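Produce the entire structure from the sequences given, and follow the hints as far as they go.
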Amino acid sequence: MRGFITFLLLVTFCWAEAQDREASTWLYKLDVPHMIYGFAFPKVQISAEKKITPTFSIIGEIGYQFYSNESVDTVFVNPRGFRLSVESRIYISQFYDKERKRKHSGLFAGVEGFYRGNQQNNSVRYYAGESDNVFVDEFVVRKRVYGINLTTGYQLTFPRKKYFLVLEPHLGFGVMNKFVRNEQLDFVPGVDEDLYSHHYVLPDQNFESSAGFQFNFNIGVRFGFQLRKSIK
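What the sequence shown shows, in the numbering used here, is residues 147 to 378, in sequence order.
Keep in mind the hints are simulated off the structure, nothing from the lab.
Please read these numbers as outputs of a predicted model, since none were measured by experiment.
The beta carbon of each residue, even a glycine, is placed where N, CA and C say it ideally should be.
You can take every hint at face value.
Restraint-style ranges between C-beta atoms, simulated for each label pair:
#, residue 1, residue 2, range
1, Ile238, Glu216, 35 to 45 Å
2, Phe359, Asn215, 24 to 34 Å
3, Ile182, Val221, 20 to 30 Å
4, Ser355, Gly263, 17 to 27 Å
Subject to a maximum C-alpha distance of 27 Å in a straight line, what follows is the list of computed BS3-like cross-link-like pairs (lysine-lysine):
#, residue 1, residue 2
5, Lys197, Lys308
6, Lys196, Lys307
7, Lys197, Lys307
Okay, here's the thing in structure tokens:
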């Protein structure tokens with residue numbers, strides 16, 4: 147993990163040569179920050195981008211949870227999750243910078259549809275009813291989320307002998323519809339008092355009461371490569 151982050155930082159401060167237009171139209175990327183935290187759960191998230199034209203591309207992305215950062219005493223289920231998305235993208239920089247040969251694909255904007263689902267163990271510390279005693283309840287959370295995002299970012303390419311390194315900071319925002327199911331839960335939202343609510347502005351997103359339509363935000367940095375075309 148440290149090796150990925152260190153290499154990513156080194157690439158960020160490199161200066162690229164002019165991009166060779168003999169590059170393949172396929173790019174393959176890994177979203178490094180999502181391996182560590184992830185907005186929903188930590189996951190290995192990879193994508194393949196097909197450049198239909200210099201200004202338009204389609205991206206398919208899949209993420210899978212191989213590990214968990216949870217800390218609970220009782221394990222009801224094996225934590226796992228996945229995320230699927232499809233994005234259509236326009237490279238805006240190609241329109242206003244036609245006169246000179248661009249070094250990078252540059253600024254882009256797009257639309258992304260996504261689905262994610264996961265299950266995990268969780269816990270809540272709370273006061274039961276009018277009691278001053280603190281209870282700890284451990285339970286299961288199962289989620290399914292559908293949504294759509296407007297996306298933007300900047301794609302940088304760094305030529306090497308047989309391929310291009312790709313660096314792509316990006317963000318997205320939109321709306322999602324979330325379905326939540328709890329199991330083994332004794333805590334009663336709205337009756338018992340969650341200690342979590344004293345320390346955070348946003349409500350706990352792991353209860354069934356948090357289901358429904360809501361704002362969605364996503365941010366990350368993709369790191370990958372683009373092969374050069376074979377010259378015969």
